[in-house]
Amino acid sequence: NAGVTQTPKFQVLKTGQSMTLQCAQDMNHEYMSWYRQDPGMGLRLIHYSVGAGITDQGEVPNGYNVSRSTTEDFPLRLLSAAPSQTSVYFCASSYGQYNNSPLHFGNGTRLTVT
Amino acid sequence: TQLLEQSPQFLSIQEGENLTVYCNSSSVFSSLQWYRQEPGEGPVLLVTVVTGGEVKKLKRLTFQFGDARKDSSLHITAAQPGDTGLYLCASAKGGSEKLVFGKGMKLTVNP
Numbered sequence: 001n002a003g004v005t006q007t008p009k010f011q012v013l014k015t016g017q018s019m020t021l022q023c024a025q026d027m028n029h030e031y032m033s034w035y036r037q038d039p040g041m042g043l044r045l046i047h048y049s050v051g052a053g054i055t056d057q058g059e060v061p062n063g064y065n066v067s068r069s070t071t072e073d074f075p076l077r078l079l080s081a082a083p084s085q086t087s088v089y090f091c092a093s094s095y096g097q098y099n100n101s102p103l104h105f106g107n108g109t110r111l112t113v114t
Numbered sequence: 001t002q003l004l005e006q007s008p009q010f011l012s013i014q015e016g017e018n019l020t021v022y023c024n025s026s027s028v029f030s031s032l033q034w035y036r037q038e039p040g041e042g043p044v045l046l047v048t049v050v051t052g053g054e055v056k057k058l059k060r061l062t063f064q065f066g067d068a069r070k071d072s073s074l075h076i077t078a079a080q081p082g083d084t085g086l087y088l089c090a091s092a093k094g095g096s097e098k099l100v101f102g103k104g105m106k107l108t109v110n111p
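Chains as they are written, first to last, in our numbering: chain B, 1 to 114; chain E, 1 to 111.
Derived by calculation from the structure, the hints in this document are not laboratory data.
No residue lacks a Cβ here, since even glycine has one placed at the ideal position from N, Cα and C.
Misleading hints may appear alongside valid ones.
Cross-link-like lysine-lysine pairs, in silico, BS3-like; alpha carbons within 30 Å at most [said to hold, decoys possible]:
no.: 1; chain 1: E; residue 1: K57; chain 2: E; residue 2: K106
no.: 2; chain 1: E; residue 1: K70; chain 2: E; residue 2: K106
no.: 3; chain 1: E; residue 1: K106; chain 2: B; residue 2: K9
no.: 4; chain 1: E; residue 1: K98; chain 2: B; residue 2: K9
no.: 5; chain 1: E; residue 1: K98; chain 2: E; residue 2: K56
no.: 6; chain 1: E; residue 1: K59; chain 2: E; residue 2: K70
A few chain B positions that, by computed beta-carbon distances, are all more than 12 Å from chain E [as the list claims (entries may be wrong)]:
no.: 7; residue: T20
no.: 8; residue: Y35
no.: 9; residue: D56
no.: 10; residue: T71
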């Protein structure tokens with residue numbers, strides 16, 4: 001089982017550039033989410049989706065866009081990268097309501113914006 | 001305002017020692033999850049606690065959910081170097097789909 005796959009693993013961007021972080025899961029999970037992890041800040045929720053066609057904002061959504069056209073994929077878009085977006089990004093999925101099933105995480109994308 | 005407060009934030013101990021990490025909030029939760037994260041990897045679920053006062057054991061790890069469902073603790077007995085990692089608690093306010101995490105407790109167990 002591949003589980004949750006994130007690409008790329010590492011990325012360096014210049015301020016103002018755009019890019020898409022890819023996330024795919026093969027577990028037929030309805031719930032998917034994106035977190036960023038910064039030193040001393042834990043994991044902060046960026047955006048999440050409870051099913052195809054449905055997305056909503058998390059704690060820190062500014063500067064990020066998402067879409068959910070299929071159950072499997074949940075890409076995260078940075079339209080104009082800023083140094084403050086330097087972070088490690090994690091995608092996660094779960095079968096349904098969080099308290100009945102665990103979040104499965106990818107191994108992260110380490111993004112540096114110069 | 002952080003929804004979940006974890007303490008301590010850092011802990012460095014010797015192999016064989018015991019430790020407890022706490023996760024507190026002013027809000028009531030329907031359930032709470034504990035995760036462990038190793039360097040370069042995503043967090044992995046350890047346990048979910050649902051009922052107030054619930055105690056769950058996972059080998060040398062004991063998890064407790066407070067009676068009022070506002071706090072939780074993780075106790076590790078006879079810590080081993082393999083327990084080294086970042087321990088995170090996570091939950092959501094009742095009815096919300098937003099699962100949020102505490103800042104985590106970074107544990108180092110020295111041989």
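Problem set entry | Hints breached by this structure | The structure breaks hints 8, 9; every other hint is satisfied.
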